Each structure stands twice: as C-alpha cells, then as structure tokens.
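Novice: Sequence:
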Amino acid sequence: MDTKEFQNIAGIRGGCSVAIDNVNEDIYLGGSDGIYKYNMMTKLADFYKEAGKNIWALFFRRNLFYISYPDQKLHIEIDGKFAVVKEFESFEVDQFHVTTDSEDIYFANKTGFYKYDNARLKVNVINDVITVRQIAEDNDGDLYICTNLGIFVDLKHEGFKKVLDLKNIYSITFDKDNNVIISDEKRIIKLIHTMTGCPGKDNSHW
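Note that our numbering has the sequence shown beginning at 1, numbered continuously upward.
Quick caveat, the hints were computed from the structure, so don't treat them as lab data. Wrong hints could be hidden among the right ones.
[Said to hold, decoys possible] Restricting the straight-line Cα-Cα distance to at most 25 Å, the calculated cross-link-like pairs of lysine to any residue (SDA-like) are: (1) K161 - N139; (2) K86 - G34; (3) K73 - E89.
[Unchecked claim] Pair ranges (Cβ atoms, derived): (4) S90 - I192: 36 to 44 Å; (5) V84 - N179: 34 to 42 Å; (6) N22 - T42: 20 to 28 Å; (7) D138 - K43: 22 to 30 Å; (8) L166 - R120: 30 to 38 Å; (9) K81 - M195: 23 to 31 Å.
These numbers were taken from a predicted model, which means no experiment stands behind them. We treat Cβ as the ideally placed atom computed from N, Cα and C, and that holds for glycine.
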C-alpha cells in the first residue's frame, strides 16, 4: 500500500478471493479449481486443498471457511478436512463474517443481509432490500458492510447507519492506520479520515 507496487501471482487460475491467518502468517487464495497458499519465498501460489472446487469466497477466524460456487454453500476446515457447515446447509451464502470480539455471525445472499443467533439457532433478518458485496471489520472491531446503496457501519444498539453514499463500490478493507480502502470497477481508493470535516460541516469525514 505504501509503495503502490503490485504484481500478478502466478500459479492460480481464476483467483477471486483472499483470506489471511494473521497468527501463522498464512495467506489463502481461492481459485476456480481449489484453494492455494501464497508462498512468500517463491511469490507463487502453491496448491493447498479442495481440488476441482470453484471457490467463491474465503474467510478465516480460527478456522478456514470457503464458499463454493455455484451452489453457494459454506464449508469449514476441521482437522485438515473441509465439510459443509451444518447450521447453513439450507442457506445459500454469498458473504460470511464472524466478528472478532463477540463472535456474532453475519451472512448475506441474494435475498438480504442476516445475523445468525448461535444461542437460539435462529436466523434474524437485518435488511432484505440491500445487496451486500462485502462484510469487514476495522481495526477497532467496528463492523462495516459494503452494499449496492453505499457503506454502512454497525452502531451496535442503534443498528446500521450509512456512512458513505457511493453505489459503484464492490469491496472494503482497512489499512494499519484504520483508513478505509475501497474499490470500484477500475480503481483501489484510500479514504483518509479527518476530524475537520467538509466545508460548512462540523462532523468528521473520510
């Protein structure tokens, strides 16, 4: 991010997803024919597991999860093997996220955005109008969702509030300084937080 340098990662076909195990410093890459791990020494993608599976998305929280395409089923790796997550067998899953602190479980598909109540084994509808493109947490543990209507943040007891009114963005993440990184069809954009706000406004903005 600092140097703005980039390179293609050879050895993976149809790559479209990434998950990072920060504890073990493993970088997982999803391709159209399985899951790969990025090799820091060779700077290539080495095959990992799930040969022949088309990987829609990857997520890591103590375990590695992946969503398969086109059936949109959620899988988890346990003891070196992957299996469909039983609690989500009856759902299509396009986006999936487990929060860092409270371990709340969120997922989204074509019908809306949901929160899974693990204690009651119940799915609660958060919004059945928006299309969620990505779910991410910032460095403070605040939850953001990137949607077709803009970016929303979870204000806990107040629910989700829109904080960025852009409709052509497809992903969101955060750098080490907690600045927002978003992307559209052609660009990767960093939004730097400021406490001065826009002219004529008193509140803080990106």
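Novice: Look at each hint and say if it fits the structure.
Specialist: A quick look at each hint next to the structure:
{"no.": "1", "hint": "K161 - N139", "result": "18 Å, holds"}
{"no.": "2", "hint": "K86 - G34", "result": "21 Å, holds"}
{"no.": "3", "hint": "K73 - E89", "result": "7 Å, holds"}
{"no.": "4", "hint": "S90 - I192: 36 to 44 Å", "result": "43 Å, holds"}
{"no.": "5", "hint": "V84 - N179: 34 to 42 Å", "result": "37 Å, holds"}
{"no.": "6", "hint": "N22 - T42: 20 to 28 Å", "result": "21 Å, holds"}
{"no.": "7", "hint": "D138 - K43: 22 to 30 Å", "result": "29 Å, holds"}
{"no.": "8", "hint": "L166 - R120: 30 to 38 Å", "result": "35 Å, holds"}
{"no.": "9", "hint": "K81 - M195: 23 to 31 Å", "result": "49 Å, violated"}
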